[in-house]
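**Q** Here is what each chain is made of, one letter per residue.
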Amino acid sequence: MTAKPQIEIATSGNRESKPVFYLVYLLLGTAFGIVLTRSEVLSWFRIQEMFRFQSFRMYGIIGSAIATAALSIALIRKGALKSASGETISIPKKELGRGVRYALGGTIFGLGWALTGACPGPLFGLIGNGVSVMIVAVLSALLGTWFYGLLRPRLPH
Amino acid sequence: MSTWLTAPWPWYVAGPIIGLFVPALLLAGNKEFGISSNLRHLCSAFAPGKLEYFCYDWRKSGLWNLVFLSGVLIGGFIASHWGTPHDIAISRETRVALINLGILDFSGVAPHEIFSWHALLTLRGFVSVVLGGFLVGFGTAYAGGCTSGHAISGLANFELPSLIAVLGFFAGGLAATYFILPHLL
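Protein chains in written order, with this note's numbering: chain A, 1 to 157; chain B, 1001 to 1185.
Treat the hints loosely; a few may be bogus.
[What the hints assert, rightly or not] Here are the simulated lysine-lysine pairs, DSS-like style, with alpha carbons at most 27 Å apart:
no., chain 1, residue 1, chain 2, residue 2
1, B, Lys1050, A, Lys94
2, B, Lys1050, A, Lys82
3, A, Lys78, A, Lys94
Derived by calculation from the structure, the hints in this document are not laboratory data.
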C-alpha cells in the first residue's frame, strides 16, 4: 500500500510533462483572460464600485463563482474522480496556525487591491488589454513577493 | 462574431464560469486554481540570492501555472480586440463619487489619469501602480493566496484560513478606498 502513491506520482509526473497538458493549461489561461475581460472584474472602476457597496455585480460574480466551485468540488469528491493526468484528485488543506499571516497578509493585499484596482490575475489580464503600465505593477509585485521572502523568518505567522 | 463574445457578461454568467476553472484545473491535472503563487515561481526562477522561500523546483510545481498565466495575458489581448471599446457601465453613485475625487476620464477599463506611463511619476500614479503593486505582491505571498486562491478555491473548500484572508482583503480594500484614495486622487 505504501508504494502505491509513489507510483502514481511518478506516472502522473511523466504524463504531465507531455506537451498536451501544457496546451490545456495555456488554453484554460486564455479562456480565463477572456472571462476576466468580459466580466469586467479586471476594471479599477468595478473594484471601486465593489468597495463602495454601490452595485451587487462583483458580489454576485464572486459569490456565484464560489458556489459553482464548491458544488464542483463536492461532485468530484463524491465520484472520487481522477484527473486526466491520472492522479487521484485531492485538495490539500491550508494550515491555520495562529492565523496571523492570513489576517495581516490579507489586509496588506486588500490595500494593494484597492489601490491598483487589480488582483494578480487581472494585473496580467490588464497588460493583455493594453494597459501596459501594469508591467510596472507586476514588477513591483514581484519585488513585494521577494521582500516577503526576505522578511519571512522575522514575520509573525 | 456573436454578441456574447463582444459584450460584457451579466454577473450570473461570469461568476459560474469563473467558478468552473476550479474543477477544470483539478480534472485536467489535479491542480489548484490560484494565480498569486506565480509571483513566487517567477522570483524563484529569476531573483538573485538564495532566500529559503524561493529554493524549490519551480518548474515542477509551478510551470503549469506560469503557462496558465501566459494564457491570461493572451486572453486579455484577444478579448480587448473583439468588438468596439466601451465604458465600464458602473453605477451612477460610483461615477459621482469618483468625479468628486477628480476622476474625469471614464473610458477604458482603468482611468487613464492614474494608469498610464505619463501618470506614473505623479503621486497618484506612483502610489496606485508602484506601491499598490508592491502591496499586492507582499500581501498575497504573506497570506499565501489572492482572490483566486483564497476567495474562490479556499472558500469553495470551506477553509477557515481563507475566510480570515478574505475578511482581511476587505478590511484592507475598504481602508484604502475610504482613508487613502480621498487624499490621493
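**Q** Does each hint fit the structure? Answer for all of them.
**A** Okay, the hints, checked on the actual structure:
| no. | hint | result |
| --- | --- | --- |
| 1 | B:Lys1050 - A:Lys94 | 26 Å, holds |
| 2 | B:Lys1050 - A:Lys82 | 37 Å, violated |
| 3 | A:Lys78 - A:Lys94 | 21 Å, holds |
Consistency note: the structure conflicts with earlier hint 2 alone.
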